[in-house]
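Undergrad: In order, the protein sequence lines correspond to chains A and B. Numbered as in the numbering used here, the first sequence ends at 402 without a single skipped number. Numbered as in the numbering used here, the second sequence ends at 789 without a single skipped number.
Read the hints as simulated data drawn from the structure, not as lab findings. The beta-carbon is built from N, C-alpha and C at its ideal position, and this holds for glycine as well. Each hint should be verified, as a subset may be incorrect.
[Said to hold, decoys possible] FRET-style restraints, in silico, Cβ to Cβ:
#, chain 1, residue 1, chain 2, residue 2, range
1, A, L173, B, P540, 51 to 57 Å
2, A, L134, B, G750, 44 to 50 Å
3, B, G530, A, D189, 25 to 31 Å
4, B, S553, A, G227, 43 to 49 Å
5, B, S588, A, V150, 33 to 39 Å
6, A, G297, B, P703, 43 to 49 Å
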Amino acid sequence: MRIYLAVAFFSVALLLSCSQSESLDANLGGTTTRQSASRNAFGLPAPTLSNEQRRIFERGDSFFTQNWVSSPASTDARDGLGPLLNATSCSSCHGLDGRGAPPDPLGEQANLGLLFRVSVPGEDPVTGGPRPDLIYGGQIQDRAVLGVPVEATVTTKWSTVEGTYADGTPWLLRSPSYELSDLAHGPADPDLMLGPRLAPQVFGMGLLEAVPDDALLELADPDDTDGDGISGRVNMVWDARLEQHVIGRFGWKANVATVEQQVAGAFLGDIGITSSLNPEKHCTSVQIKCAEAPTGGDPELTDERLANVTFYNSTLAVPAMRNVDDGQVQDGAKLFTEIGCADCHVASLETETASIDVLADQTFFPYTDLLLHDMGDGLADGRPDFEATGSEWRTPPLWGLG
Amino acid sequence: MRIHRRLAVTLVSLSLLGGGLAGCGDDGPSDDMVSSAIESYATGVHASYEASLTSATAMDSAIDTFVASPSDSTLEAARTAWLAARDDYGPTEAFRFYDGPIDDPDNGPEGLINAWPLDEAYIDYVEGAPTSGIINDPATYPTIDTALLTSLNEEGGETNISTGWHAIEFLLWGQDLSLEGAGERSANDYVDAPNADRRSVYLAQTSDLLLSHLSGLVDAWAPDAANYRANFEAAEPDEALRRIISGIGELSRGELAGERMNVAYAERSQEDEHSCFSDNTTNDIIGNALGIQRVLTGEYPGFTGIGIADLVADVDQDLADKLLAEVKTSVETVQAIPAPFDQHLVEGVSDDSPGHQAILAGIESLEGQTDTIVAAATSLGVTINVT
Chain A
1 MRIYLAVAFF
11 SVALLLSCSQ
21 SESLDANLGG
31 TTTRQSASRN
41 AFGLPAPTLS
51 NEQRRIFERG
61 DSFFTQNWVS
71 SPASTDARDG
81 LGPLLNATSC
91 SSCHGLDGRG
101 APPDPLGEQA
111 NLGLLFRVSV
121 PGEDPVTGGP
131 RPDLIYGGQI
141 QDRAVLGVPV
151 EATVTTKWST
161 VEGTYADGTP
171 WLLRSPSYEL
181 SDLAHGPADP
191 DLMLGPRLAP
201 QVFGMGLLEA
211 VPDDALLELA
221 DPDDTDGDGI
231 SGRVNMVWDA
241 RLEQHVIGRF
251 GWKANVATVE
261 QQVAGAFLGD
271 IGITSSLNPE
281 KHCTSVQIKC
291 AEAPTGGDPE
301 LTDERLANVT
311 FYNSTLAVPA
321 MRNVDDGQVQ
331 DGAKLFTEIG
341 CADCHVASLE
351 TETASIDVLA
361 DQTFFPYTDL
371 LLHDMGDGLA
381 DGRPDFEATG
391 SEWRTPPLWG
401 LG
Chain B
403 MRIHRRLAVT
413 LVSLSLLGGG
423 LAGCGDDGPS
433 DDMVSSAIES
443 YATGVHASYE
453 ASLTSATAMD
463 SAIDTFVASP
473 SDSTLEAART
483 AWLAARDDYG
493 PTEAFRFYDG
503 PIDDPDNGPE
513 GLINAWPLDE
523 AYIDYVEGAP
533 TSGIINDPAT
543 YPTIDTALLT
553 SLNEEGGETN
563 ISTGWHAIEF
573 LLWGQDLSLE
583 GAGERSANDY
593 VDAPNADRRS
603 VYLAQTSDLL
613 LSHLSGLVDA
623 WAPDAANYRA
633 NFEAAEPDEA
643 LRRIISGIGE
653 LSRGELAGER
663 MNVAYAERSQ
673 EDEHSCFSDN
683 TTNDIIGNAL
693 GIQRVLTGEY
703 PGFTGIGIAD
713 LVADVDQDLA
723 DKLLAEVKTS
733 VETVQAIPAP
743 FDQHLVEGVS
753 DDSPGHQAIL
763 AGIESLEGQT
773 DTIVAAATSL
783 GVTINVT
């Protein structure tokens, strides 16, 4: 009898210790999670990939990681850099598949993973997206291949903002402002709007893409009908494949619909690499040297390679949450929900079907609703993007921040 | 009945209190045997880096001779010495991928020793760009020394490589522009070609730098010193085993089968083969495969100890047999890839050509053995995370 009791007690104790940690699931990416806290924690493939899928991942990885070179070159798979560019590879801004660094406060280091979108008031007549500047296009490229003028330099100036908390404790904040100089083709449009964009970490995009539209519409509450003071809404953006407006999911303003279009857009905008989605070089009509520069093929990124890099971005494993059994972490998670952080940074989302099998039927924990929220004047860039206003931003995912 | 209950409780307790090295009861290797295997590994790593340093020192002398009196024959001698030194370095790559001395995130020299692929135009002229590279830019880089080369390495991206094996390889062979043979750089590049003197300095300095990095690795694994090895041997045995097996697991699939073989194979791109200037890629691959085998068998250059497979055999003889058989097959399969590697990548060579199929067989064999390496780790109660 005593023996039975002892065994029963042991079992109860085991169950209890399990149920305590159930409140936090370390597997932030469902079955695509990796238990890794190493330097390469953002760069591993989902553990559920087959050998054939992993080989596609590896090929995508190589085109994500390695530098593109100027054309013509003997390395003909990877030539066609620029003519205008911000970086020579995806990984120069997303180092080890991670995020870029904010501008150097002393202004001594070049921007790494920070670029500037530009537009003028109005909309693109076809897509409804931002209207590019006639001279400088939709993005300032602060580098160029040899013989082509660099568009401009953008410098960050910091000012100090002071204030006090409700309890009287003073605070100090550094506030950035941005300045265009060395303009190669004369002044830009006087109404030019400048939007800074810092490279985010890359993993988990396939899961976010596979969340059904209905789930996002369910989370949205554009008119705050539930009265909780939060009015998230979806951005409706142009899908170049479907040639219609769909829900945006990626980018700081949820201005891109799919992983593929995010990848192809970054290849052209940031590295100057054309693809079938963006077949034209991004030279404006006044950028003659840019237009005359040699290309690295038509397009420079083949459809197969675009598909491989898209697959790579879609299937990077999500790193597991650390220290989920730590009491302080658990208390923090509770507070996070109680004070309303989780109202926008929604902890869990689900997928049903997915074009990549390992992403289907997952419950995962990105801590975002993918919706736009008005963050006020202090955080505004003043540059609208499809339906997002100058002060609206997409809730950034919080996974992998630690 | 009573006995059965006791037995039941004992089993429950055992399974709860177990969870040490051996996953299942008392069937695993003894603590002493595990310690011996860990010590054998450390001794083997030290012996392997010593062998690499020895042949790299011979290469460095040949390079010094070449730059002092450049000629076809001294160039050829330097190339031969590079190839010999590569054979000793290749197996040491099994000691990577666990943030040890070679690739410690703070000061590991791996990126300076063996980074690739090389964007060769970053170092020297290439076809179509006669003035490109650090060597041909005295205005920006007036003095070429080891400090400069170190500071420029991987600046602005992972392919801006200025140092290491492949930088030396490029400076000895030049671009490989032919299908039949390797690169054909002329000794005249070091006599009266533009910036010949700067090229000589670059080659000699990057060779010196490689030696100093290899010396550092020998020191880090030297016995009876206050170094990485001391910490390694003092670590919890399952942590040491985790590192050892993670290294061979990551090399086997993500690095060798994936990045080095599959990408070049599937993309058919010569720039993705490991030693593209010297056409030494197949030997590089064999060296890596041998490195994995050595860790498992415990047979290192000039030293034989207890291998990881011996530990596995103590838990699961069948698994150990399977592991050793698969790894042996992998070595034989990659040895069967006809050299040079790049002849199989050329446009027009069909997917079912024998050479192409030989590469694929190597990839599949290495991928397959990786699952067995992971299973071997699990059998020893260790979880590893490989690509």
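Undergrad: Run every hint past the structure and note whether it holds.
TA: Results for each hint:
1. A hinted range of 51 to 57 Å is violated for the C-beta pair A/L173 and B/P540, which are about 46 Å apart.
2. Distance hint for A/L134 and B/G750: a CB-CB separation of about 46 Å, consistent with the stated range 44 to 50 Å.
3. Our hint of 25 to 31 Å for B/G530 and A/D189 is violated, since their Cβ atoms are close to 38 Å apart.
4. Taking 43 to 49 Å as the suggested C-beta distance range, the pair B/S553 and A/G227 does not conform, at roughly 59 Å.
5. Between B/S588 and A/V150 the beta carbons are some 36 Å apart, a value that agrees with the proposed interval 33 to 39 Å.
6. The hinted window of 43 to 49 Å between A/G297 and B/P703 holds, with their beta carbons roughly 46 Å apart.
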